[in-house]
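Peer 1: One letter stands for each residue in the lines below.
There are 2 protein chains.
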Amino acid sequence: MTTDTLSTTFAALADPTRRAILARLTSGEASVTELAQPFEMTLPAVSKHLKVLERAGLIARGREAQWRPCRLKAGPLKDADDWLERYRRFWEESFDRLDEYLGEIQKREKKQGHNTSQEKEDKDG
Amino acid sequence: MTTDTLSTTFAALADPTRRAILARLTSGEASVTELAQPFEMTLPAVSKHLKVLERAGLIARGREAQWRPCRLKAGPLKDADDWLERYRRFWEESFDRLDEYLGEIQKREKKQGHNTSQEKEDKDG
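Line by line, the protein sequences are chains C and U.
Mind the numbering: the first sequence is residues 172 to 296 in the numbering used here, read in order.
Mind the numbering: the second sequence is residues 172 to 296 in the numbering used here, read in order.
Just so you know, these hints were derived from the structure itself, not from any lab.
Heads up, a few of these hints could be off.
Where chains are identical, the list cannot tell them apart; a pair therefore holds if satisfied intra-copy or between any two copies.
[As the list claims (entries may be wrong)] Result set (DMTMM-like, lysine to aspartate or glutamate): computed pairs, CA atoms no more than 25 Å apart in a straight line: (1) K282 to E211; (2) K244 to E264; (3) K278 to E264; (4) K244 to E271.
Here the structure is a predicted model, which is why all the values come from computation and not from measurement.
Let's have the full structure, built from the sequences with the hints guiding it.
Peer 2: And the structure:
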């Protein structure tokens, strides 16, 4: 149903087997048989995943009838990354807030630790 | 069918309306009615999208029965970004190659330009 490029990309990535296939292709071209090996899957099942990836422009396939090696095409991943870019500040802000919070806890603990040794000194002195 | 977190995230992002809802939430909390406004959609249709986003952990909703404002939760987007991270070098490499190619063309054009003026000098001299 989804026709826009970004939706097609995200839909193609919404499957662990397809993501594993892309991960495998980061180390170079591979045939369908090679790609099927690590998965307990029939060749037609793998071919179906490859078709989804190909339609999404995430892989390209060689033209030779017998040996049609697949290779990674990173363009749509860049577009997905560009989309995520604008949300980066939100998780960075969250981490900043977490940092602040942890900083405060540490300061408080340090202060408490200081107080404790101070009390000890007071007692000892 | 998909149960892993990353697949759930990508599936939730694979829809332009859901991405538009997230974009709206970058400027602050909003009620379902407010979120529905820019779309020509019924409230139940928008609610359905919100449920997908909520299940994916991309939004959180207030507890008040009447006014249940939605807010963005960027955590899963960070995980998606982390996944994309390892592919970054592939599109950067492609751009490097394009840069190299353009550089070569410019060098060649410069050389041709130089040759032309050299020829002119030869003629004039």
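Peer 1: Now tell me if each hint is right for this structure.
Peer 2: Results of checking the hints against the structure:
For the homomeric pair K282 and E211, neither the shortest alpha-carbon distance inside one copy (58 Å) nor that between copies (57 Å) is at most 25 Å. Taking the closest pair of Cα atoms, K244 and E264 come within 25 Å of each other only across two copies (11 Å); inside a single copy the shortest separation is 32 Å, beyond that limit. With identical chains, the CA atoms of K278 and E264 are at most 25 Å apart within one copy only, with a shortest distance of 21 Å there and 45 Å across copies. Taking the shortest Cα distances, K244 and E271 sit within 25 Å of each other only across copies (19 Å), while inside one copy they are farther apart (40 Å).
This entry does not satisfy hint 1, going by the numbered hints stated previously; all others are met.
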